[in-house]
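Peer 1: Given next are the chains, with one letter for each unit.
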Amino acid sequence: MKYIDEFRDGDSARHIAANIAAEVQPGKRYSFMEFCGGHTHAISRYGIAGMLPDNVRMIHGPGCPVCVLPIGRIDLAINLALERGVMLCTYGDTMRVPASEGLSLIKAKARGADVRMVYSATDALKLAEQHPEREVVFLAIGFETTTPPTALILRDACARQVDNFSVLCCHVLTPAAITHILESAEVRQLGTVPIDGFVGPAHVSIVIGSQPFEHFAEEYRKPVVVAGFEPLDVMQGILMLVRQVNAGKAEVQNEFSRAVTPEGNVAAQNLVSQVFELRESFEWRGLGEVPYSALKIRPAYAAWDAEVKFDLHYKSVPDHKQCECGAILRGVKRPVDCKLFGTVCTPETPMGSCMVSNEGACAAHYSYGRFQAVALINIDQVATR
Amino acid sequence: MSTKKNYVRPIDFKHGHIDMTHGAGGRASAQLIDELFARAFDNEYLRQGHDGASLPLPTEGRLVMATDGHVISPLFFPGGDIGCLSVHGTLNDVAMSGAVPLYLAASFIIEEGFALADLKRIVESMAQAAREAGVPIVTGDTKVVEKGKGDGVFISTTGVGVAAPGLWIDGRQARIGDVVLVSGTLGEHGVAVMSLRESLEFETAIISDTAALHTLVQTMLSALPDPGALHVLRDPTRGGLATTLNEIAKQSQVGMLIHEADIPVLPQVAAACELLGLDPLYVANEGKLIAICAPDVADTLLAAMRTHPLGQHAQRIGTVTNDPNGFVQMATCFGGRRVVDWLSGEQLPRIC
Numbered sequence: 001m002k003y004i005d006e007f008r009d010g011d012s013a014r015h016i017a018a019n020i021a022a023e024v025q026p027g028k029r030y031s032f033m034e035f036c037g038g039h040t041h042a043i044s045r046y047g048i049a050g051m052l053p054d055n056v057r058m059i060h061g062p063g064c065p066v067c068v069l070p071i072g073r074i075d076l077a078i079n080l081a082l083e084r085g086v087m088l089c090t091y092g093d094t095m096r097v098p099a100s101e102g103l104s105l106i107k108a109k110a111r112g113a114d115v116r117m118v119y120s121a122t123d124a125l126k127l128a129e130q131h132p133e134r135e136v137v138f139l140a141i142g143f144e145t146t147t148p149p150t151a152l153i154l155r156d157a158c159a160r161q162v163d164n165f166s167v168l169c170c171h172v173l174t175p176a177a178i179t180h181i182l183e184s185a186e187v188r189q190l191g192t193v194p195i196d197g198f199v200g201p202a203h204v205s206i207v208i209g210s211q212p213f214e215h216f217a218e219e220y221r222k223p224v225v226v227a228g229f230e231p232l233d234v235m236q237g238i239l240m241l242v243r244q245v246n247a248g249k250a251e252v253q254n255e256f257s258r259a260v261t262p263e264g265n266v267a268a269q270n271l272v273s274q275v276f277e278l279r280e281s282f283e284w285r286g287l288g289e290v291p292y293s294a295l296k297i298r299p300a301y302a303a304w305d306a307e308v309k310f311d312l313h314y315k316s317v318p319d320h321k322q323c324e325c326g327a328i329l330r331g332v333k334r335p336v337d338c339k340l341f342g343t344v345c346t347p348e349t350p351m352g353s354c355m356v357s358n359e360g361a362c363a364a365h366y367s368y369g370r371f372q373a374v375a376l377i378n379i380d381q382v383a384t385r
Numbered sequence: 001m002s003t004k005k006n007y008v009r010p011i012d013f014k015h016g017h018i019d020m021t022h023g024a025g026g027r028a029s030a031q032l033i034d035e036l037f038a039r040a041f042d043n044e045y046l047r048q049g050h051d052g053a054s055l056p057l058p059t060e061g062r063l064v065m066a067t068d069g070h071v072i073s074p075l076f077f078p079g080g081d082i083g084c085l086s087v088h089g090t091l092n093d094v095a096m097s098g099a100v101p102l103y104l105a106a107s108f109i110i111e112e113g114f115a116l117a118d119l120k121r122i123v124e125s126m127a128q129a130a131r132e133a134g135v136p137i138v139t140g141d142t143k144v145v146e147k148g149k150g151d152g153v154f155i156s157t158t159g160v161g162v163a164a165p166g167l168w169i170d171g172r173q174a175r176i177g178d179v180v181l182v183s184g185t186l187g188e189h190g191v192a193v194m195s196l197r198e199s200l201e202f203e204t205a206i207i208s209d210t211a212a213l214h215t216l217v218q219t220m221l222s223a224l225p226d227p228g229a230l231h232v233l234r235d236p237t238r239g240g241l242a243t244t245l246n247e248i249a250k251q252s253q254v255g256m257l258i259h260e261a262d263i264p265v266l267p268q269v270a271a272a273c274e275l276l277g278l279d280p281l282y283v284a285n286e287g288k289l290i291a292i293c294a295p296d297v298a299d300t301l302l303a304a305m306r307t308h309p310l311g312q313h314a315q316r317i318g319t320v321t322n323d324p325n326g327f328v329q330m331a332t333c334f335g336g337r338r339v340v341d342w343l344s345g346e347q348l349p350r351i352c
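Note that the protein sequences, when read in sequence, are chains A and B.
For the first sequence, our numbering assigns the number 1 to the initial residue and increments by one for each residue that follows.
For the second sequence, our numbering assigns the number 1 to the initial residue and increments by one for each residue that follows.
Be aware that a few hints might be false.
With a cut-off of at most 20 Å between alpha-carbon atoms, the simulated SDA-like pairs for lysine to any residue come out as follows [as the list claims (entries may be wrong)]: (1) A/Lys-107 / B/Leu-343; (2) A/Lys-109 / B/Lys-149; (3) A/Lys-107 / A/Asp-319; (4) A/Lys-315 / A/Glu-183; (5) A/Lys-296 / A/Pro-149; (6) A/Lys-109 / B/Lys-120; (7) A/Lys-107 / B/Lys-250; (8) A/Lys-126 / B/Phe-202; (9) A/Lys-321 / A/Gly-342; (10) B/Lys-250 / A/Pro-347; (11) B/Lys-250 / A/Thr-343; (12) A/Lys-126 / A/Gly-92; (13) A/Lys-107 / A/Thr-349; (14) B/Lys-147 / A/Gly-112; (15) B/Lys-250 / A/Glu-348; (16) B/Lys-149 / A/Thr-346; (17) B/Lys-149 / A/Ser-104; (18) B/Lys-147 / B/Ser-125; (19) B/Lys-149 / A/Glu-218; (20) B/Lys-250 / A/Gly-342; (21) A/Lys-126 / B/Arg-197; (22) A/Lys-109 / B/Arg-350; (23) A/Lys-315 / A/Gly-326; (24) B/Lys-143 / B/Gly-26; (25) A/Lys-339 / A/Lys-315; (26) A/Lys-249 / A/His-215; (27) A/Lys-249 / A/Glu-218; (28) B/Lys-250 / A/Lys-296; (29) B/Lys-14 / B/Lys-120; (30) B/Lys-143 / B/Met-20; (31) A/Lys-333 / A/Arg-111; (32) B/Lys-149 / A/Gly-92.
Here's a subset of chain B near chain A, in silico, CB distances under 8 Å, partners left out [stated by the list, open to error]: (33) Arg-39; (34) Asp-42; (35) Ala-53; (36) Glu-274; (37) Thr-332; (38) Cys-333; (39) Phe-334; (40) Gly-335.
Read the hints as simulated data drawn from the structure, not as lab findings.
The structure presented is a predicted model; accordingly, all values stated were derived computationally and were not measured.
Ideal placement from N, C-alpha and C gives every residue a C-beta, glycine not left out.
Isolated chain A (complex conformation) (with noise of 0.2 Å):
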C-alpha cells in the first residue's frame, strides 16, 4: 500500500529507535502524555513502548471520544431508544459503552430497540429522509475531528427541513481537556503524574490547527508535538520531544506537516461555530464536570436538537466504585493498577469506558500488549525461518 507503508517501515523505525536511545540522558526522565486514543491504538498495536528506552514512559491521555462519554449522556440516549421509540443512530463503538443497570445501546437493541450503527454522520440524515414516518436520532460524539460532519447535516437537515431529524450533541474540546490536567491537583501540586511533554493530536489538529496549542507551550512550559497516527510519525514525535527537553525547550512543533497548518481548517472551523456554541460545562467521564469543554447546539437549530426537542434533562451517574477509569484517564493510574482489569472488565464484558474502544487505554493494552506482563518470548531461540 503506497503512502502508507512508508509510514510503517521497520527499518526506518529502527533508525529512530537508536536516535532515541542515543539521545536520552540516562538518569533523566521523559514522561510524555499522548493525548489521542488513535496514538494509544498506534503504540500498543505496533509495540512502540517496546521500542523505547526505559526512562521514556508513555502515558495514556483522556483522548478517546468513546471513554469519555459519561453514563449519564449513555442513558438518555437508551431512553430515546427505548422508551421514546426513536431510531438511535450512532458510531459503532458508541453501541458497546457500559450505561446504568447493565444495558447499553447493543443491550438495549436486544430489548427491541432500535439502534442502527452508522459509518458517516450523513449516513443518520439518510436514514431520517428515507423513513419519514419515524423519529431519528443522531447521538454525536466526538472531539474536533467528528464534530464538522455533525455540523454539516444540521445545517442540511435546517436546509432540507427534514423535521423527523435531530441530534443528541456530546461534541468536547481538546485544548480544555489538556487545560484541566495541567491544572489537576495531580499534575500541578502532588506531581503525582509527571508530564513532561504532549504528543498533541493528528486529526484534530486538522481542523483546529497547532496554535491552540501555543498556550500550553507558553503557560504551563511543556512541550508540545503535534504528530500523525502512523507509528513513524509516533515515534519521530517521541523523538522531538526528547530533543526539547534535552534542550530545556516548551515550544509547540508538528511533526505531522503533511496534514496540519497552524491555523488549521479554517471552512470547518466556521461551519462549526455557525452550528454550534460553548457549552457552560460538560460532565466527562474520569474528569468530572469541565467548564466550557465542549458544545451545544445553538438555539437558531433547536428543531434539530434533541435535548430541546424530546425535553431531556442530564442527570449524573457515578461510575462502577472499583472502575479506575478516571484515574487512568487523568495518568494517575495504569489499567494493570485497576482490580477489576482482566477480570471482570474484559472487552467482552467492558465494566469501564476505558475497555470498550480500542483506542482506550485499558482495551488497547488489553488486545495488544498484556503478554508483557509474562515472559517475553525470545525472537532469536524460535528457529522460525
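Given chain A, work out where chain B should sit, using these hints.
Peer 2: Using the frame of chain A, we list chain B on its own:
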C-alpha cells in the same frame, strides 16, 4: 369412461415467488422439490425418494460429521452466493479433520415472498459446487416462514466423511516447536461481502475466496510419509486468522509467535481494510486453511500445498511456543511485539 390426463402447470421460475404452500408439505411442496431440488441435485441416493437416505458404510476409518448454518447477507456477493458457500463451508469443516467428505444434507428455511428466480440460482450454484467437489447432496428439507420472519433464505448443511484409521487431526494436537502454515492470502471473503453492505458500497475487484479445501487436504496428507506429522488443520472463517490461532492455542495449551511480514494479504484487501478500519487478521476467509505440523515436515508440506491451485500462495507464518497463558504474539513489520487477541464484539455481522 376415460380419466382426463393429469396436468400440472410448471412452476414459474422467472416471475414466481415462494408462498406458504411451498412449505406446507402438500402438492406445491412436492412440486417444488421435484422441479427444483431433485432436478438440480440429482443422484442415486436422492432418487430413493425417501426422507432418510440409505448409504453404504465405509469399509474402514472413522466417520467425521459436521454441520453449519448459513445466514449470510447479502445472498449474492462477488465470487459466490449462499448456495456454493453452504456447500464449501461444511465440506471444509469435514476436511479439517483430514477426512474425505462423502455425503451432504441440506435444509432450507425460506421466507414467504422470496423470488423463485433467486432460489433457483442459489440451488443451481449449490448443485454445481457439490458436483465439482464430487460429494452428492443425498437428502434435504424445505420450510417456509411468514414474510418478515426470515431474511430471504437460510441454508443449513450437514456433511459426513471418512478419515483414515489412526489419523487424528484436531485443535488439541499443536505441540511446542510446531510450524504454522497458511494456504494463501487472507481476508478476501470478508472484504468482498463488506463491499456490498448497505451504506458502505465501494467498488472493488476483490472476490470471495469461497472454495472446497478437501482436495488440498488430501494432497497435503499424501505428501507426508507419516500423515501423523500433520497435527492441526482449521479454516479461519469468522474471526479470521487471529481468532482461529487463539482457539488452537487454547485447546492445545500452547502459545504462538507469528511474523507479520510473512502473512500473505493482497494489497487491495489491505487497502480496503485500512479504509474500513478493519484488521485483515480478523476478517473471514472461506477458502483458506491453517496447518500446524512437526517442524521437520514443514518444507515438504509447504511445497505440496503450493502444487495445488488453492495453495499456490501458501506461507510459513510462525511457530508454536511454550506459553501457559496461551498468548498468540506477533512480531510486527514495524519491529515491535504485540498480542494478537481473540476477536471481541462483532466486527462483521452475518458474513457466512
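Peer 1: So, for every hint listed, does it hold in this structure?
Peer 2: Here's how the hints hold up against the structure:
1. A/Lys-107 / B/Leu-343: holds, 19 Å
2. A/Lys-109 / B/Lys-149: holds, 18 Å
3. A/Lys-107 / A/Asp-319: Roughly 18 Å between the alpha carbons, so the hint for A/Lys-107 and A/Asp-319 holds.
4. A/Lys-315 / A/Glu-183: violated, 26 Å
5. A/Lys-296 / A/Pro-149: Since the Cα atoms of A/Lys-296 and A/Pro-149 sit roughly 15 Å apart, the hinted pair holds (cutoff 20 Å).
6. A/Lys-109 / B/Lys-120: Given pair A/Lys-109, B/Lys-120 is violated - Cα atoms ~35 Å apart, limit 20 Å.
7. A/Lys-107 / B/Lys-250: violated, 28 Å
8. A/Lys-126 / B/Phe-202: Cα-Cα ~17 Å, so holds.
9. A/Lys-321 / A/Gly-342: Judged against 20 Å, a Cα distance of about 16 Å means the pair holds.
10. B/Lys-250 / A/Pro-347: With Cα atoms ~18 Å apart, B/Lys-250 and A/Pro-347 stay inside 20 Å; holds.
11. B/Lys-250 / A/Thr-343: Status holds; Cα separation ~18 Å.
12. A/Lys-126 / A/Gly-92: Answer holds: A/Lys-126 to A/Gly-92 is near 17 Å, not above 20 Å.
13. A/Lys-107 / A/Thr-349: The hint holds at about 12 Å.
14. B/Lys-147 / A/Gly-112: holds, 19 Å
15. B/Lys-250 / A/Glu-348: This hinted pair holds, its Cα atoms lying about 17 Å apart.
16. B/Lys-149 / A/Thr-346: Distance ~34 Å between B/Lys-149 and A/Thr-346 Cα, so the pair is violated.
17. B/Lys-149 / A/Ser-104: Status violated; Cα separation ~26 Å.
18. B/Lys-147 / B/Ser-125: violated, 24 Å
19. B/Lys-149 / A/Glu-218: Roughly 64 Å separates the two Cα atoms, so the pair is violated.
20. B/Lys-250 / A/Gly-342: Holds: B/Lys-250 and A/Gly-342 sit about 17 Å apart, inside 20 Å.
21. A/Lys-126 / B/Arg-197: holds, 15 Å
22. A/Lys-109 / B/Arg-350: At roughly 17 Å apart (the allowed maximum being 20 Å), B/Arg-350 and A/Lys-109 satisfy the hint.
23. A/Lys-315 / A/Gly-326: holds, 18 Å
24. B/Lys-143 / B/Gly-26: OK: B/Lys-143 and B/Gly-26 at ~12 Å, within 20 Å.
25. A/Lys-339 / A/Lys-315: Given pair A/Lys-339, A/Lys-315 is violated - Cα atoms ~27 Å apart, limit 20 Å.
26. A/Lys-249 / A/His-215: Given that 20 Å is the threshold and the Cα spacing comes to 14 Å, the pair holds.
27. A/Lys-249 / A/Glu-218: This hinted pair holds, its Cα atoms lying about 10 Å apart.
28. B/Lys-250 / A/Lys-296: violated, 48 Å
29. B/Lys-14 / B/Lys-120: holds, 9 Å
30. B/Lys-143 / B/Met-20: holds, 9 Å
31. A/Lys-333 / A/Arg-111: Since the Cα atoms of A/Lys-333 and A/Arg-111 sit roughly 36 Å apart, the hinted pair is violated (cutoff 20 Å).
32. B/Lys-149 / A/Gly-92: With a Cα-Cα distance of about 26 Å, the restraint between B/Lys-149 and A/Gly-92 is violated, given a limit of 20 Å.
33. Arg-39: violated, 40 Å
34. Asp-42: violated, 43 Å
35. Ala-53: violated, 39 Å
36. Glu-274: Check passed: Cβ of B/Glu-274 comes within 6 Å of chain A, closer than 8 Å.
37. Thr-332: Where the cut-off is 8 Å and the nearest Cβ of chain A is about 5 Å from B/Thr-332, the hint holds.
38. Cys-333: holds, 5 Å
39. Phe-334: holds, 4 Å
40. Gly-335: Holds. Min distance 5 Å.
In summary, the structure is inconsistent with hints 4, 6, 7, 16, 17, 18, 19, 25, 28, 31, 32, 33, 34, 35 from the numbered list given earlier, while agreeing with the others.
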